[in-house]
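Asks: Input sequences plus hints: build the corresponding full structure.
Sequence lines, in order, name chains F and S.
If you read the first sequence in the UniProt record's numbering, its first letter stands for residue 1, the second for the next number, and so on.
If you read the second sequence in the UniProt record's numbering, its first letter stands for residue 1, the second for the next number, and so on.
No wet-lab data here; the hints were simulated from the structure.
Model, not experiment: these values are computed from the prediction.
There may be inaccurate statements among the hints.
To give an idea of the interface, some chain F residues facing chain S are shown, with a C-beta separation under 8 Å as derived from the structure [unchecked claim]:
hint, residue
1, Glu58
2, Glu267
3, Pro310
4, Asp311
Partial pick of chain S residues on the chain F-facing surface, computed with a CB cut under 10 Å [claimed, not checked]:
hint, residue
5, Gly27
6, Ala32
7, Leu64
8, Arg110
9, Gly163
10, Thr212
11, Gly218
12, Asp219
We put the beta carbon where it would ideally sit given N, CA and C, even for glycine.
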Amino acid sequence: MSLGTVAVVGGGVIGQSVAWRAATAGHRVSLVDPAPGSGASRVAGGMLAPLSEAWPGEEDLLDLGRAALAHWPRFAARLTAATGGDPGLRTEGTVLVGLDSADRAELDRLAEHLAGLGHAPEKLTGRQVRALEPGIGPEVRSGLLLAEDLSVDNRAVLAELAEAGRRAGVEAVAGRAVAVRGNRIRLADGSTVDADVVVLACGAWSAGLHPSLHAVRPVKGEVLRLRARPSALPPPQRTVRALVQGRPSYLVPRAGGGLVLGATQYEAGHDTEVTVAGVRDLLRDAERVLPGIAEYALVECAAGLRPGTPDNLPLIGWLEPGLVVATGHHRNGFLLAPITAEAVLALLDDRPPPAPVLAADPHRLALTREPLSGVSR
Amino acid sequence: MFQEMFQDPLVIAGREFGSRLVMGTGGADNLAVLERALRASGTELTTVAMRRMDASGGPGVLELLRRLDIEVLPNTAGCRGADEAVLTARLAREALGTNWVKLEVVADERTLLPDPVELLDAAEQLVDDGFVVLPYTNDDPVLALRLEQVGCAAVMPLGSPIGTGLGIRNPHNIELIVSRASVPVVLDAGIGTASDAALAMELGCAAVLLATAVTRAGDPERMAAAMRAAVTGGRLAHLAGRIPKRFWAKASSPELDYVG
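Replies: Structure follows, in structure tokens:
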């Protein structure tokens, strides 16, 4: 069965998920990206952790994240069925730890907030944290266990999405998009790509492609990749998120002794250079949480650009006739990829998307309706 | 008369601001929440870290401040020496077209306390270069006076270290600084809750600068409104003149009845 043609702009985790799912559903799909899987998705930690990201005032995002989390096991199974590979889905959960008493007060506040929403986490003493994860150091004095949060190996997922897309017939277009209007994409070489529907999924680069996406801004994050050497303690079983005197960081274990350490967060335009201070801050805080990492190999330092929006919710929906947007996923690209793909499929089929996605309506932002001066139409 | 009591502008370097609350944006993770907090605060001047923003004009904090018609006060957060701070201030002037700078030169990452030697050096260089300099300083009356002498447009002593929320640890020093200053004194850093901001104003500060107390509060918008009210209340109390503190009770109604 062949439905209409769909051109997806952007080959990060969102674009590739949409392309693969749409092709599987019978659409003729092309994916426009000069280097798929090379942007923020490659740098990401791969945490699927809506609960430990929860914050008062962001309840819509938590609802969306929890619905997205529920999509992941089936999405991962489908991916494995399609390619025979392993996306590295880990179900051991997340332990959130704090050092000093102010960190503990922040954890208590999160626990209270989650309890009020019906997701009370288990509170842990420092000793209980170390019983779960023996590598955690003596400075850690409190913790919360969030058993539901998951993680994936972001690079394994990207590799499998690419393979699954290829097998499902997704056509790769290696051009760089410079503008999108309705169902027409203009490429840097002056040529155009037309389709029945265009799906714009360009993450932190979205604003430059369409004036109504002006509010999507790049939020830089530095992430380090470590690997346990034979002489070192193995990485933790669970994702460890830490507050070290108020500074947040995370450590996500990978198969084979890998450990992903992130992430800084600041706004510096489209800069993706790794700074000395970024690396120093991450290592200094991580070593206080897991002293054993001093013996690890420092394999990679990289920076990526999260696509931020004013209210931290993504933009998923029809922007104008012929154009669906799926961008602005900020810190949550991997978590939200399966539900975003399902939502886009629903829109393509004229069905309503999953209910929590409605909060991500791109027309909610006044800015998207009234582009500010300086942006030419 | 009642309305006039609230017409009490803050004047720094000849510029008037209708609000005596200066905001910072550090710690804000959600621009929509920050926008509501800034509106609730009534602030007309807000500081942003040069090293933590996109000065090229993207849709981040800068655009938000411009849309809300709030004056941007670039700061040199993260600088550890005078030369670094001077360079950062010049980059800010070039990028933002303002010669105002909140000068921040910290001694170490753990306390984030100002480095007095580097601070004074940087302040002197920047004043000579035509900047309007608002230095973040220790609650040291001598240093505050020296900063004024090199030509700073205000002095901004800390109540306690940045982000601690410990309030004003040495109110007497703040009073000493206020009593000798002929430029505005802005209490900068350490505010935890509304009573801290009110106390700063009661001590005679011309304004209060705060960020974390609002951006990391459970409800930033409501806390911003609380700070606004506290600054106004503290200012009015300072101007009104408080009663002396007494050890023994003193009846508030007269002991003798003259009414007849």
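Asks: Using Cβ atoms only, decide whether S/Thr212 comes closer than 10 Å to chain F, and label the hint accordingly.
Replies: Holds, about 9 Å.
Asks: At a threshold of 10 Å, is the proposed contact between S/Ala32 and chain F supported by beta-carbon distances?
Replies: holds, 4 Å
Asks: Given a cut of 10 Å on the nearest C-beta pair, is the interface hint for S/Gly218 held or broken against chain F?
Replies: holds, 6 Å
Asks: Does S/Leu64 hold up as a contact with chain F if the rule is Cβ-Cβ below 10 Å?
Replies: Holds - the Cβ of S/Leu64 comes within 10 Å of chain F, reaching about 8 Å at its closest.
Asks: Using the nearest Cβ pair, does S/Gly27 come within less than 10 Å of chain F?
Replies: Holds: closest Cβ of chain F sits about 9 Å from S/Gly27, inside 10 Å.
Asks: Less than 10 Å between beta-carbons is the criterion; does S/Asp219 satisfy it with respect to chain F?
Replies: Status holds, d = 7 Å.
Asks: Go through the hint on S/Gly163 and say holds or violated, using the shortest Cβ distance to chain F against 10 Å.
Replies: holds, 7 Å
Asks: Per the CB criterion, is S/Arg110 less than 10 Å away from chain F?
Replies: holds, 8 Å
Asks: Minimum Cβ distance from F/Glu58 to chain S below 8 Å?
Replies: Check passed: Cβ of F/Glu58 comes within 7 Å of chain S, closer than 8 Å.
Asks: Let me know if the C-beta of F/Glu267 comes in closer than 8 Å to any C-beta of chain S, holds or violated.
Replies: With Cβ-Cβ at 5 Å, under 8 Å, it holds.
Asks: Closer than 8 Å between Cβ atoms is the bar; does F/Asp311 clear it against chain S? Give me holds or violated.
Replies: holds, 4 Å
Asks: Hint check: is the beta carbon of F/Pro310 less than 8 Å from a beta carbon of chain S?
Replies: For F/Pro310, the interface hint holds, since the closest Cβ of chain S sits about 4 Å away, which is under 8 Å.
Consistency with the previously given hints is maintained throughout, with no hint failing.
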